[in-house]
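The opening position of the sequence shown corresponds to residue 1 in this note's numbering, with each subsequent residue numbered one higher.
Derived from the structure by calculation, the hints contain no laboratory data.
All figures in this text were calculated on a predicted structure; none of them were measured in a lab.
Ideal Cβ positions, reconstructed from N, Cα and C, are used throughout, including at glycine.
Each hint should be verified, as a subset may be incorrect.
To be verified - Using C-beta positions, here's what the derived DEER-type ranges look like: (1) H76 to D27: 29 to 39 Å; (2) P77 to E32: 12 to 22 Å; (3) S81 to G20: 16 to 26 Å; (4) S81 to N21: 27 to 37 Å.
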Amino acid sequence: QQQQQQQQQQDPTSLVEFWGNVQVGQDVTLNELQSLYHVVVLAYGCESDQRLGIEGEDTLDGIFSAREFVAWYNGHPEFVSLGTNVEKLIRNKEKDVHVVVIGQGNVALDCARV
């Protein structure tokens, strides 16, 4: 455990995992992802929210569209509350906080960097 933490401090890329060719809703559900990650960002590349038709994307806590997430970290005043919601999800966690970004392209990469 301590050796792994030291490695992560020296090499932050060891904190990143890539899983390709995974179809959310078929290969893995949002409920399953929530059991593994504290926050789930749906980064599927669009200028407005589009729904993926995945069970739970509109009803589960801690699921955010990339548009909302990007607006929040860019300081858009209408999305200030998203930061509060993320903070509630990750506050007082005994272990490291885990976040998953679902998507491809520049928006997904931007979300992952944040």
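- Of the numbered hints stated previously, which ones are contradicted by the structure, given in increasing order? Of the numbered hints given earlier, those the structure breaks are 2 and 3, listed in rising order.
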